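**Student:** Got chain A sorted already, so can you dock chain B onto it with the hints?
Protein chains: 2
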Amino acid sequence: MSNPTAAMLVIGDEILSGRTRDANMHYLAQEFTKHGIDLREVRIVSDDASAIVAAVRALSAGFDHVVTSGGIGPTHDDITAPCVADAFGVAITVRDDARTILQAHYDRQGTELNEARLRMARIPDGATLIENPVSAAPGFSLENVHVMAGVPSVFQAMVSSVLPGLTGGQPLLSQTLRIERGEGDIAGPLSDLATRFDDLSIGSYPYQRNGVYGANVVIRGTDGGRIDDAMTALSALFPEAVAS
Amino acid sequence: MSNPTAAMLVIGDEILSGRTRDANMHYLAQEFTKHGIDLREVRIVSDDASAIVAAVRALSAGFDHVVTSGGIGPTHDDITAPCVADAFGVAITVRDDARTILQAHYDRQGTELNEARLRMARIPDGATLIENPVSAAPGFSLENVHVMAGVPSVFQAMVSSVLPGLTGGQPLLSQTLRIERGEGDIAGPLSDLATRFDDLSIGSYPYQRNGVYGANVVIRGTDGGRIDDAMTALSALFPEAVAS
Numbered sequence: 001m002s003n004p005t006a007a008m009l010v011i012g013d014e015i016l017s018g019r020t021r022d023a024n025m026h027y028l029a030q031e032f033t034k035h036g037i038d039l040r041e042v043r044i045v046s047d048d049a050s051a052i053v054a055a056v057r058a059l060s061a062g063f064d065h066v067v068t069s070g071g072i073g074p075t076h077d078d079i080t081a082p083c084v085a086d087a088f089g090v091a092i093t094v095r096d097d098a099r100t101i102l103q104a105h106y107d108r109q110g111t112e113l114n115e116a117r118l119r120m121a122r123i124p125d126g127a128t129l130i131e132n133p134v135s136a137a138p139g140f141s142l143e144n145v146h147v148m149a150g151v152p153s154v155f156q157a158m159v160s161s162v163l164p165g166l167t168g169g170q171p172l173l174s175q176t177l178r179i180e181r182g183e184g185d186i187a188g189p190l191s192d193l194a195t196r197f198d199d200l201s202i203g204s205y206p207y208q209r210n211g212v213y214g215a216n217v218v219i220r221g222t223d224g225g226r227i228d229d230a231m232t233a234l235s236a237l238f239p240e241a242v243a244s
Numbered sequence: 001m002s003n004p005t006a007a008m009l010v011i012g013d014e015i016l017s018g019r020t021r022d023a024n025m026h027y028l029a030q031e032f033t034k035h036g037i038d039l040r041e042v043r044i045v046s047d048d049a050s051a052i053v054a055a056v057r058a059l060s061a062g063f064d065h066v067v068t069s070g071g072i073g074p075t076h077d078d079i080t081a082p083c084v085a086d087a088f089g090v091a092i093t094v095r096d097d098a099r100t101i102l103q104a105h106y107d108r109q110g111t112e113l114n115e116a117r118l119r120m121a122r123i124p125d126g127a128t129l130i131e132n133p134v135s136a137a138p139g140f141s142l143e144n145v146h147v148m149a150g151v152p153s154v155f156q157a158m159v160s161s162v163l164p165g166l167t168g169g170q171p172l173l174s175q176t177l178r179i180e181r182g183e184g185d186i187a188g189p190l191s192d193l194a195t196r197f198d199d200l201s202i203g204s205y206p207y208q209r210n211g212v213y214g215a216n217v218v219i220r221g222t223d224g225g226r227i228d229d230a231m232t233a234l235s236a237l238f239p240e241a242v243a244s
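Line by line, the protein sequences give chains A and B. Each residue of the first sequence is one higher than the one before, counting from 1 in the UniProt record's numbering. Each residue of the second sequence is one higher than the one before, counting from 1 in the UniProt record's numbering.
Calculated from the structure, these hints are not laboratory results. Keep in mind that a hint or two might mislead.
Unchecked claim - Every beta carbon over 10 Å from chain B, so not counted as near; a handful from chain A, in silico: (1) Arg21; (2) Gly36; (3) Ser46; (4) Ala49; (5) Pro82; (6) Asp86; (7) Phe88; (8) Ile92; (9) Thr93; (10) Gly150; (11) Asp185; (12) Ser204; (13) Arg220; (14) Ala233; (15) Phe238.
Unchecked claim - If the Cβ cut is set under 8 Å, some of the chain B residues that face chain A in the computed set are: (16) Asp77; (17) Gly203; (18) Gln208.
In this text the structure is predicted, and so the values were computed from the model without any measurement. All C-beta atoms in this analysis are idealised placements derived from N, C-alpha and C, irrespective of residue type, glycine included.
The shape of chain A in the complex, shown without the other chains (with noise of 0.2 Å):
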């Protein structure tokens, strides 16, 4: 596949200790999905300086495309920005432009901009700011990396800013078929298949519901005439399965 590849690393010491399910990284794997970019990987570290700050380093080696989710806020656990700067090498500092946006927004609100709230307009060097429509702080895009809020409505808005200016690829397409046969049962068609539409990835995902086997096999790619063809082909194989 030629399309353009990206990972996703997820600053989140709640989730790694139980208490939350990351929500961002599921959205970001669909809207990747749409836009052609090829989601690789995805890491969850938490709020450690060296951790995050050896993330940045490889992901941004590794993939085209990066994104960050979490750890921009005001408090003393929000320490992404300064592990982006030092992962690239460069200072980051309060900018005047990212503290024109919050000044602006706090005034509406009749909120003082306090040092912590100043703490988000902390941006490195070289840095372009990501909007936030939501709650006006800023995210930034910094060489291949685009750091944005965990609040998922804020996440949500950010890679919206982000999206369009990304390199995509062709749409990554998918068809889903149930079969109720135990994977043992298919795996050797499918294979067959697998080797016949190498252009193809095709994926099965075995699942047991009220003591009966089955497996959902999904066939992806970018061409909407060869997954028909293999529809059609696993179909024949598997005539009593249902397209889902």
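**Tutor:** Frame of chain A, contents of chain B only:
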């Protein structure tokens, strides 16, 4: 903190494409927290051999325990077992003990142990089997890497088999205070509190509900008395807040 560390590796094209949400990560995070094991990193990679091998090596070297999820079934896209063998430079063959388990299971079902199903008896040299009381096909442990199935019911059963044998630590305890103020208003006092209780982890997780900004402040640690003290101090700062 001196608790042992852990990482999780999820092998899952279906999660990266946005087709499904991962459930195993959340389950494992909660079990590790109860058991006093500090889950520090999660990686999700696609069904790509070089990505799996690289991740197994990196996580095995970086953490005390590693759990993998997914990719050990009978179909062509199940490549986790040979990748883990490759990561440790050992051979992988159909092993008699695993074959015996599968043979007995399929004999009871009156199902043939065909070539595809026999793939699930391929175990790397030197690994010990992980029992699968749900669908028989075993997982395995090699060095500090525990290779488990992706189907949630099987994954959970395998975690139950392995967890008692892992070196744990003191369970991580937490208390949460919900404060209906913008994070910018609580950040200053919270930072002072975090400095005073530097043996605890104090995290702030903002939310927005019906246009009202607030934050859940979570205090974590292994000493319940210290967490009580920190909660008392925090509640005194924000008397209107609600423990949750």
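**Student:** Hints numbered earlier in the text: which of these fail when held up against the supplied structure?
**Tutor:** The structure conflicts with hints 1, 3, 10, 11, 12 and 13, although it agrees with all the remaining ones.
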